[in-house]
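Student: Here is what each chain is made of, one letter per residue.
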Amino acid sequence: MVHTAAEPIVRLKNLTKTIRGKKIINNVSLDLYPGQVTGFLGPNGAGKTTTIRMMAGLMKPTSGDVIIAGKSITQDFEGAMSHVGVIVENPEMYKYMTGYKNLLHFARMHKGVTKERIDEIVRQVGLEKRIHEKVGTYSLGMRQRLGLAQALLHGPDFLILDEPTNGLDPAGIREFRTYLRSLAAKAGVSVFVSSHMLSEIELMCDRIAVIQGGKLLDIREMKEETKPHHYIEARPADRLAALLDSKGYKAEPLGNGFIIEERADNIPALAKSIIEGGLALYAVRPHRRTLEDEFIEMTGGGQIAETAAE
Amino acid sequence: MLKLLQNEWMKLWSKKATWVMAILLVVGVAGMLGLTKWISTLEGNEAGGDGVSVEGPAASPDWRAQTESERAELTAQLADPDLSASRKSELEDELKVAEYRLAEDAAPHESYSREQLIKDSSGIASLGMLFAIIVAAGIVATEFSDGTIKMLLARPVKRWKVMTSKFAATVLFGALLMLIGFLTSVVMSYILFSPDGGTELAVRGGEVSEISIWSPALYYLFLGFVNIVVYTTFAFMIGSVFRSGALAIGLSLFIYFSGNTVSMLLSRYEIAKYLFFSHDLVSLAQGMTFIDDVTLPFAAAVLGAYAVLFLAVSYLVFSRRDVTA
Numbered sequence: 001m002v003h004t005a006a007e008p009i010v011r012l013k014n015l016t017k018t019i020r021g022k023k024i025i026n027n028v029s030l031d032l033y034p035g036q037v038t039g040f041l042g043p044n045g046a047g048k049t050t051t052i053r054m055m056a057g058l059m060k061p062t063s064g065d066v067i068i069a070g071k072s073i074t075q076d077f078e079g080a081m082s083h084v085g086v087i088v089e090n091p092e093m094y095k096y097m098t099g100y101k102n103l104l105h106f107a108r109m110h111k112g113v114t115k116e117r118i119d120e121i122v123r124q125v126g127l128e129k130r131i132h133e134k135v136g137t138y139s140l141g142m143r144q145r146l147g148l149a150q151a152l153l154h155g156p157d158f159l160i161l162d163e164p165t166n167g168l169d170p171a172g173i174r175e176f177r178t179y180l181r182s183l184a185a186k187a188g189v190s191v192f193v194s195s196h197m198l199s200e201i202e203l204m205c206d207r208i209a210v211i212q213g214g215k216l217l218d219i220r221e222m223k224e225e226t227k228p229h230h231y232i233e234a235r236p237a238d239r240l241a242a243l244l245d246s247k248g249y250k251a252e253p254l255g256n257g258f259i260i261e262e263r264a265d266n267i268p269a270l271a272k273s274i275i276e277g278g279l280a281l282y283a284v285r286p287h288r289r290t291l292e293d294e295f296i297e298m299t300g301g302g303q304i305a306e307t308a309a310e
Numbered sequence: 001m002l003k004l005l006q007n008e009w010m011k012l013w014s015k016k017a018t019w020v021m022a023i024l025l026v027v028g029v030a031g032m033l034g035l036t037k038w039i040s041t042l043e044g045n046e047a048g049g050d051g052v053s054v055e056g057p058a059a060s061p062d063w064r065a066q067t068e069s070e071r072a073e074l075t076a077q078l079a080d081p082d083l084s085a086s087r088k089s090e091l092e093d094e095l096k097v098a099e100y101r102l103a104e105d106a107a108p109h110e111s112y113s114r115e116q117l118i119k120d121s122s123g124i125a126s127l128g129m130l131f132a133i134i135v136a137a138g139i140v141a142t143e144f145s146d147g148t149i150k151m152l153l154a155r156p157v158k159r160w161k162v163m164t165s166k167f168a169a170t171v172l173f174g175a176l177l178m179l180i181g182f183l184t185s186v187v188m189s190y191i192l193f194s195p196d197g198g199t200e201l202a203v204r205g206g207e208v209s210e211i212s213i214w215s216p217a218l219y220y221l222f223l224g225f226v227n228i229v230v231y232t233t234f235a236f237m238i239g240s241v242f243r244s245g246a247l248a249i250g251l252s253l254f255i256y257f258s259g260n261t262v263s264m265l266l267s268r269y270e271i272a273k274y275l276f277f278s279h280d281l282v283s284l285a286q287g288m289t290f291i292d293d294v295t296l297p298f299a300a301a302v303l304g305a306y307a308v309l310f311l312a313v314s315y316l317v318f319s320r321r322d323v324t325a
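If you read the sequences in order, they're chains A and B. When we follow the UniProt record's numbering, the leftmost residue of the first sequence carries the number 1, and every step to the right adds one. When we follow the UniProt record's numbering, the leftmost residue of the second sequence carries the number 1, and every step to the right adds one.
With the rest of the complex left out, here is chain B (with noise of 0.2 Å):
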């Protein structure tokens, strides 16, 4: 089996393309962060001026006036009686950490401070995405119509072997672009921005402690990268099930650029909810979201289950297939 992966991924790095995508992501990501720094200095507030970084606490004084019209805001919210267990204790953690920051004079990250730049890497890196669901709709499809299959499948390996190398394939493939986006962000990110010297923190069994920014950092690359890992494997599904890359490209982007509207407009019903587009676990994780009730676990069950099933259609489809072109 390991051979067969290997097999895959020779043929992926064979490919001129493969080079090019990673080239333009690395590209892409620095770009992204130039920009942001040009605007930074447009707006004029970033945490040091020029490069010269700021020690102590945050350059900017408002923090303290923005987080008491926070606390403000979260016990208004508080007060409703409707609100759902596990939003309410969502809340009650916000609350706890405002209360914190202007106790212990903590001061939360600009947002052109390094540290926040390197915390909103996996969000810059998930360019990737675009790349990873090329790859996963080709990966199959292309052996049809490049007419290899016949030579791929008239061995002594079973089907399914074969499609479970192209699929571990594909998913390496989008945890590497991940990697490479995200590594390309926080070099970025040290070379153009300055500390602020904020604090980082979370509630952990009930106490407000200060964290290291790596630990969300890390923990939003993983759930970027679980988010890569549905869509690639559904163009993987459509990829394998229709033999052409195009389509399984178009359908899958189209989902993830218009998906989030579309379940915004359904975020009334109780389908939005079951609907895989629904769920960015980032942005969930972040306390970002436009549909009630939704908590990171179920989200998680919901993305995996369609995983589940995009990967089962997959393989049936695939190992049942005669081979006549």
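Next up, chain A with everything else stripped away, as it sits in the complex (with noise of 0.2 Å):
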């Protein structure tokens, strides 16, 4: 990917806290880049939240730095927030305040917000018409947008959303999708999205990083050409498992066939020499591995991060 060529706009440099005496983030160490939506992905309890607070200013790091826009977060507060829009799971307003009154106040704690530049996210967002009323009678997907304006005001090189789909409903989800990959392709805005949404984050990412127990598990690219497998069946299975084997395959089973790694070049020849072996052949289709796949097989099978400090 193209990443490698720009400089990475945040980077989490040994980040480490420790709440009574247990390591909840364990030496992390993450560069983010311009232009990428980075999606940051754990069961829950390995430290996604704390993360993602210590790099939004809400929690200090027990050692080790963020360092935004070449700012540290630990030295420069103002400097390296400056660069920074926050959207934490359920943005809360001040529900007794307009929409507007919330976005003025949150323009007043950044330099150089003009109220023609709070009119401008108001329409980006879509929310015109409502922006005079009380945030108390906004729909959720209404406060998303509100939040989303206010994470944007001050024109940030960098996002982070915590969970941002929250109670979305699947529409809004989409929009908020297809709103964040333009934000990260023309504004060349770095987003970095926590979620346990996989699905969510596969369609939504150009690379994942993997957190488990406060480590960093694995940082991969999302459009890598991953290798290429079909399902296929036949019957009676245990002759296919013995063909494939013969030839070479290593097969996993999956329901009543099995998955093979192959390109689709190689396929009908396949096929031919199950049929020609008197299989009954009932099914060949390519199969995608999923995020989900990829994940359970890193974290080993998901919810059971207790093991986290050492």
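By construction, these hints were calculated from the structure, which means they are not laboratory data. Take these hints with a grain of salt, some might be off.
Here chain A is said to cover these stretches of chain B; the calculated rule only asks that three of the stretch's residues, wherever they fall, bring their Cβ under 8 Å from a Cβ of chain A [unchecked claim]:
#1 3–13
#2 276–282
No farther apart than 16 Å at their CA atoms in a straight line, the calculated lysine to aspartate or glutamate pairs in the EDC-like style are these [as the list claims (entries may be wrong)]:
#3 B:K161 - A:D76
#4 A:K186 - A:D169
#5 A:K227 - A:D293
#6 A:K95 - A:E133
#7 B:K161 - A:E221
#8 B:K15 - A:E133
#9 A:K60 - B:D293
#10 B:K158 - A:E78
#11 B:K158 - A:E133
#12 A:K60 - A:D31
#13 A:K95 - B:D146
#14 A:K272 - A:D293
Quick reminder that beta carbons are idealized off the backbone N, C-alpha and C, glycines included.
Both chains are given apart, each in its own frame, so use the hints to dock them into the complex.
Tutor: Here's what the structure looks like:
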């Protein structure tokens, strides 16, 4: 991918957080690049939220640092944070104020956000009609839009989203996803999204970072050519297994059939040999390994992340 | 920083409760003066009958006899050889005033006169204390309970600045309530009560002189404001340390209402002097004190030290706290 050419906008350097003697985050280092959407995955309790809160200035690292646009969050808090926009799960706004006053409130906390800019962002997120009504009357989807608006007011280079699609309906999620992608592509914003919804991350991200037990397990590019797989189902199944084995395939059982790693070009010949071998061929189709498969493979099944500290 | 204060002020007045408080204060103060008027009518010793003002010397002729006995009492007290220097000069001043009144035929104000009630307006205005405490208790705590703290702190603004804006808003609100209460009281005093033509006296540079009623009125207003600041700082601290507005309101009001009793019980001991709730600057300035040897500057210093302590604790805890909620 192109990211290696660009300078990272955000660098986590040996980030560590110890709470009551327990290492919640253990020596996490990660670079994030402009124009990229990076997904942040991990089972519950893996340390996603803690990492994100340290990046958002809500928690202080025990050791290590977060560098944003060259500024250290521990040394130059205001300098570093001026490049960051944050949406924490369910953006909690001041319900007793109008949407506009909420934006005005947050605009005053950044340098150089004009009234025109507020109006512009309100149009962008499509809240013009209701912006002068109290946030208490907003639907969840509208509150999410307002949350997005407050995060983008000052034109951040780096956007942190913590479980952003929680509670959104499918249409809302889709719209949100499209918006994020265009933000990264057009404005060159680096986006960091935590989620436990794997399919969501898969559609939204260029890259994923996986955390478990407070440690970074893996960082990988999403659009990498994954090796092609196919699903084959024939009966009797034991004879199919023997046949695949004899051809040197490593066949993984799935349902009534098997998954093999093979390019599409070679499939007709394989099918032919199955039929000629006297087997009844029921199905041959390309099989796409989902992020979920990989995630479960990586984290060893998911939810058992209690072994964090050492 | 000014923008942050603007933010706090905007949030404060966007809440209906704030407006309700302001209105309740006006209604409450006006009501109390109305009640005072009613009581004065029952007692039948107001300055002028039915709003007809009485010019010239005070209507009640008893004041001479009262001042005479006051003088005798002061002289007796001054004979005590154990008097502290500060107490002594206080009593001497009072004696001078009493003698001046008798010599110059300068009547003091009647208790239900317009002048006296204006002078006491700051006391009635301190009804605002209740509301100031409620706001101080909640200004940090509600950001936590509403979850908005995350939005507030994930900004390029250091936490001590956020805290300063909140504290400034609290103090400003206290001052505003005090002023609203005071003005309401003054206006109601003008409407309901007549002047008694008495004379306000003060000892200045060893000489007794006639002064305007506004001079003590505004002085007491300022001292009352200092009291409000100390209690609201306490509520502010509890609210930001425990993130619970209810706890902060409860504790502050408990101390406000029962503190006097506690320090009265402890008044024999030295420690009573060093408790912040022992000192009400307005009462002190009016010469009402139950702990010997406490002067106004001393009490002010104790209150100042407490306020600084409360603030230091609030800032320290707030700027170090990890936001996990």
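Student: Take the hints in turn and mark each one as holding or not.
Tutor: Here is how each hint holds up against the structure:
Note: the segment 3–13 of chain B has 6 residues with beta-carbon separation from chain A under 8 Å; the three-residue rule is met and the coverage holds. For a cut-off of 8 Å, the count of residues in the segment 276–282 of chain B with a CB near a CB of chain A stands at 0, and the three-residue condition is violated. Between the alpha carbons of K161 of chain B and D76 of chain A the distance comes to roughly 15 Å, so the proposed pair stays at or under 16 Å and holds. Between K186 of chain A and D169 of chain A the alpha-carbon distance is near 26 Å, which puts this suggested pair outside the 16 Å criterion.
Between K227 of chain A and D293 of chain A the CA atoms are separated by roughly 14 Å; this keeps the pair inside 16 Å, and the hint holds. A hinted pair counts as satisfied when its Cα atoms are at most 16 Å apart, and K95 of chain A with E133 of chain A qualifies at roughly 10 Å. Restraint check for K161 of chain B and E221 of chain A: the C-alpha separation of about 41 Å exceeds 16 Å, so the hint is violated. Between the alpha carbons of K15 of chain B and E133 of chain A the distance comes to roughly 14 Å, so the proposed pair stays at or under 16 Å and holds.
Only pairs whose Cα atoms come within 16 Å are accepted, and K60 of chain A paired with D293 of chain B is rejected, the gap being roughly 49 Å. For the suggested pair K158 of chain B and E78 of chain A, the alpha carbons sit about 7 Å apart, so the restraint of at most 16 Å is met. Among the hinted pairs, K158 of chain B with E133 of chain A is inconsistent with the structure: their alpha-carbon atoms are about 30 Å apart, more than 16 Å. Taking the CA atoms of K60 of chain A and D31 of chain A, the gap is near 19 Å; set against the 16 Å cutoff, the hint is violated.
Among the hinted pairs, K95 of chain A with D146 of chain B is consistent with the structure: their alpha-carbon atoms are about 9 Å apart, no more than 16 Å. Simply put, K272 of chain A and D293 of chain A have alpha-carbon atoms about 30 Å apart, too far for the 16 Å limit, and the pair is violated.
Violated hints, listed in ascending order, are 2, 4, 7, 9, 11, 12 and 14; each of the other numbered hints is respected by the structure.
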